[in-house]
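Residue numbers (numbering that gives the first Met the number 0): 0 to 167.
In short, the hints are calculated from the structure, not lab data.
Calculated cross-link-like contacts (lysine to aspartate or glutamate; reagent style EDC-like; alpha-carbon spacing at most 16 Å):
no.	residue 1	residue 2
1	135	111
2	135	104
3	135	110
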Amino acid sequence: MLDDLVRAVLERLEAEEPRPPGVPVAPTTGRFLFSVCAPQTDCEVLEIGAGRGYSTVWLTAAARYLGGRVLSLEREPSCIADWRRNVADAGLEDWADLVEGDARETLPAIDDVFDVVFLDAANTHYEELFQLARGKLEPGALVIADDVTLHADILRGIRKPGRQTRRS
Numbered sequence: 000m001l002d003d004l005v006r007a008v009l010e011r012l013e014a015e016e017p018r019p020p021g022v023p024v025a026p027t028t029g030r031f032l033f034s035v036c037a038p039q040t041d042c043e044v045l046e047i048g049a050g051r052g053y054s055t056v057w058l059t060a061a062a063r064y065l066g067g068r069v070l071s072l073e074r075e076p077s078c079i080a081d082w083r084r085n086v087a088d089a090g091l092e093d094w095a096d097l098v099e100g101d102a103r104e105t106l107p108a109i110d111d112v113f114d115v116v117f118l119d120a121a122n123t124h125y126e127e128l129f130q131l132a133r134g135k136l137e138p139g140a141l142v143i144a145d146d147v148t149l150h151a152d153i154l155r156g157i158r159k160p161g162r163q164t165r166r167s
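Could you put together the complete structure from these sequences and hints?
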């Protein structure tokens with residue numbers, strides 16, 4: 000399911016030195032994302048924090064085969080041009096769209112609902128972004144958050160969605 004164009008972009012990005020902002024997920028995480036989305040018909044994916052497009056390429060390569068799409072949100076100007084180039088080089092521009100700007104501002108204006116949400120933005124905003132994304136989830140949707148084991152404190156408000164989280 001990974002054609003030559005997709006493989007070439009993934010291999011190029013994996014060989015490049017990561018540079019912040021937009022440090023990509025690990026290749027094993029990319030394969031995991033692919034395995035989650037590939038078997039779903041019409042899988043609509045929301046990616047919050049797209050970086051340079053490495054995870055977007057994995058997600059879109061999976062979603063496109065059964066009629067799905069990916070909507071990516073990214074705020075860093077230094078990542079946006081790279082995202083566009085990488086998605087185009089992979090031949091995936093017909094299945095991926097990019098919304099530029101801070102997801103805390105752009106997410107409320109999105110009217111779509113999603114089967115999969117991949118949260119890979121600034122960890123300090125995860126709780127707020129999760130709350131904004133909750134109303135955009137299809138029943139049974141899957142939310143995947145990257146790097147949460149590194150910052151366990153951000154899970155408080157996500158683990159108990161029926162409760163308000165207070166900060167002291």
